Amino acid sequence: DTGVSQDPRHKITKRGQNVTFRCDPISEHNRLYWYRQTLGQGPEFLTYFQNEAQLEKSRLLSDRFSAERPKGSFSTLEIQRTEQGDSAMYLCASSLAPRGELFFGEGSRLTVL
Amino acid sequence: GENVEQHPSTLSVQEGDSAVIKCTYSDSASNYFPWYKQELGKRPQLIIDIRSNVGEKKDQRIAVTLNKTAKHFSLHITETQPEDSAVYFCAAIRGGADGLTFGKGTHLIIQP
Chain A
1 DTGVSQDPRH
11 KITKRGQNVT
21 FRCDPISEHN
31 RLYWYRQTLG
41 QGPEFLTYFQ
51 NEAQLEKSRL
61 LSDRFSAERP
71 KGSFSTLEIQ
81 RTEQGDSAMY
91 LCASSLAPRG
101 ELFFGEGSRL
111 TVL
Chain B
1 GENVEQHPST
11 LSVQEGDSAV
21 IKCTYSDSAS
31 NYFPWYKQEL
41 GKRPQLIIDI
51 RSNVGEKKDQ
61 RIAVTLNKTA
71 KHFSLHITET
81 QPEDSAVYFC
91 AAIRGGADGL
101 TFGKGTHLII
111 QP
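In order, the protein sequences belong to chains A and B.
FYI, my numbering numbers position 77 of the first sequence as 77, with every residue one higher than the one before it.
FYI, my numbering numbers position 27 of the second sequence as 27, with every residue one higher than the one before it.
Keep in mind the hints are simulated off the structure, nothing from the lab.
Honestly, I wouldn't trust all of these hints.
Here are the computed lysine-lysine pairs in the DSS-like style, where the Cα-Cα straight-line distance is at most 30 Å [as the list claims (entries may be wrong)]:
#: 1; chain 1: B; residue 1: Lys37; chain 2: B; residue 2: Lys104
#: 2; chain 1: A; residue 1: Lys14; chain 2: B; residue 2: Lys57
#: 3; chain 1: A; residue 1: Lys71; chain 2: B; residue 2: Lys104
#: 4; chain 1: A; residue 1: Lys11; chain 2: A; residue 2: Lys57
#: 5; chain 1: A; residue 1: Lys57; chain 2: B; residue 2: Lys37
#: 6; chain 1: B; residue 1: Lys71; chain 2: B; residue 2: Lys37
#: 7; chain 1: A; residue 1: Lys57; chain 2: B; residue 2: Lys22
#: 8; chain 1: B; residue 1: Lys22; chain 2: B; residue 2: Lys71
#: 9; chain 1: B; residue 1: Lys68; chain 2: B; residue 2: Lys37
#: 10; chain 1: B; residue 1: Lys58; chain 2: A; residue 2: Lys57
#: 11; chain 1: A; residue 1: Lys71; chain 2: B; residue 2: Lys57
#: 12; chain 1: B; residue 1: Lys58; chain 2: B; residue 2: Lys37
#: 13; chain 1: B; residue 1: Lys104; chain 2: B; residue 2: Lys22
#: 14; chain 1: B; residue 1: Lys57; chain 2: A; residue 2: Lys11
#: 15; chain 1: B; residue 1: Lys68; chain 2: A; residue 2: Lys11
#: 16; chain 1: A; residue 1: Lys14; chain 2: A; residue 2: Lys57
#: 17; chain 1: B; residue 1: Lys58; chain 2: B; residue 2: Lys68
#: 18; chain 1: B; residue 1: Lys57; chain 2: B; residue 2: Lys42
#: 19; chain 1: B; residue 1: Lys104; chain 2: B; residue 2: Lys58
#: 20; chain 1: B; residue 1: Lys37; chain 2: B; residue 2: Lys22
#: 21; chain 1: B; residue 1: Lys104; chain 2: A; residue 2: Lys14
#: 22; chain 1: B; residue 1: Lys68; chain 2: A; residue 2: Lys14
#: 23; chain 1: B; residue 1: Lys71; chain 2: A; residue 2: Lys11
#: 24; chain 1: B; residue 1: Lys42; chain 2: B; residue 2: Lys22
#: 25; chain 1: A; residue 1: Lys71; chain 2: A; residue 2: Lys57
#: 26; chain 1: B; residue 1: Lys37; chain 2: B; residue 2: Lys57
#: 27; chain 1: A; residue 1: Lys11; chain 2: A; residue 2: Lys71
#: 28; chain 1: B; residue 1: Lys22; chain 2: B; residue 2: Lys57
#: 29; chain 1: B; residue 1: Lys68; chain 2: B; residue 2: Lys57
#: 30; chain 1: B; residue 1: Lys58; chain 2: B; residue 2: Lys22
#: 31; chain 1: B; residue 1: Lys57; chain 2: B; residue 2: Lys71
#: 32; chain 1: B; residue 1: Lys104; chain 2: B; residue 2: Lys68
#: 33; chain 1: B; residue 1: Lys42; chain 2: A; residue 2: Lys14
#: 34; chain 1: B; residue 1: Lys104; chain 2: B; residue 2: Lys71
Which stretches of chain B does chain A cover? Using the computed rule of at least three CB atoms under 8 Å from a CB of chain A, they are [claimed, not checked]:
#: 35; region: 79-86
#: 36; region: 94-100
Computed from a predicted model, the values in this text were never measured in an experiment.
Note that the Cβ used here is the ideal one computed from N, Cα and C, for glycine as well.
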C-alpha cells in the first residue's frame, strides 16, 4: 500500500495520560499535515511540515501538543496530559505541491475517558 | 484568519437530479479552493479544485464555480447517483499559508 498510513487507528486513554500518533506519508511527498476532525465538523488544521521543518502551527495547537518529523519522512504527534476535549479523529495528510491534492490517511481516533 | 461557511448542512435530492452546495470565505487573499468527499468511515478525498484565476471548472458530472467579488464558490453535481451519497467539504487557503480551512460539511443524501 503506497498511501498515507497512520498508527494506531484507535486509542482509548484516561485523562492526564500522554498519547503519541505516527504518520507515514507517501514516500515522495515532502509536505505533511496534521488535522483534527470531530463529529459533524470539517478537518481543522493543526500543523504543517515541509521536509523536517515545521513551517506553520495553528492556534489550536496548545502547548500540550507537539509534532515532529525528524528525518523528513514519518511524523509523530504527541498530546501530553490529555483532556476529554482532545477526543477526536487525528488525520494526517501529505502532498507533493504547495496547492496540490492532500492525500489523507485513515486517521487515528482518540477517546479520552 | 480565514473563515469558511458552508450551506446547507444536509441536502437530500432524488437520484438523477442536480445538487448544489455553496461556500463563502472571508479572506480576499484566498486563492485555492478544493472540494473533498468523505464517505462514512473513510478518509476525505479530493474531487475537484479551482484556483482564483479561473471562474469555473468542470469534470464530468462535477463542476465548481467561483465568484471572487462575492467571495463564494459552489459545487454542482448533475445526474446524481447513489454513490454520490457522502459528506462534502469545501476549503480555502490564502497565498503564503499552507493549512486549508475547511467548511463544516454538507451531508448529501441521494434518494432512490
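Check the hint pairing Lys58 of chain B with Lys22 of chain B against an upper bound of 30 Å on the C-alpha distance. Between Lys58 of chain B and Lys22 of chain B the Cα gap is close to 16 Å, so the pair holds against 30 Å.
For the pair supplied as a hint, Lys104 of chain B and Lys68 of chain B, confirm whether the alpha-carbon distance does not exceed 30 Å. 21 Å, holds
Run the distance test for Lys104 of chain B versus Lys71 of chain B: straight-line Cα separation, threshold 30 Å. Roughly 17 Å between the alpha carbons, so the hint for Lys104 of chain B and Lys71 of chain B holds.
Restraint status (C-alpha distance of Lys22 of chain B to Lys71 of chain B at most 30 Å): Since the Cα atoms of Lys22 of chain B and Lys71 of chain B sit roughly 11 Å apart, the hinted pair holds (cutoff 30 Å).
Hint check: Lys37 of chain B vs Lys22 of chain B, CA-CA at most 30 Å. Holds or violated? This hinted pair holds, its Cα atoms lying about 14 Å apart.
30 Å limit on alpha-carbon distance, applied to hinted pair Lys68 of chain B and Lys14 of chain A: Distance ~47 Å between Lys68 of chain B and Lys14 of chain A Cα, so the pair is violated.
Verify the proposed pairing of Lys68 of chain B with Lys37 of chain B, using a straight-line Cα cut of 30 Å. It holds: about 23 Å lies between the C-alpha atoms, which stays within 30 Å.
Has the given pair, Lys57 of chain B with Lys71 of chain B, been kept, meaning a C-alpha gap of at most 30 Å? 16 Å, holds
30 Å Cα cutoff - pair Lys104 of chain B, Lys58 of chain B: The given pair, whose Cα atoms are some 23 Å apart, holds under the 30 Å limit.
Assess, step by step, whether the Cα of Lys57 of chain A is no farther than 30 Å from the Cα of Lys37 of chain B, and give holds or violated. Status holds; Cα separation ~25 Å.
Lys22 of chain B and Lys57 of chain B: Cα distance at most 30 Å? Roughly 15 Å separates the two Cα atoms, so the pair holds.
For the pair we were handed, Lys58 of chain B and Lys37 of chain B, check the Cα-Cα distance against 30 Å. 16 Å, holds
Hint compliance for this structure: hints 2, 3, 10, 11, 14, 15, 22, 23 and 35 are not met, and every other hint is.
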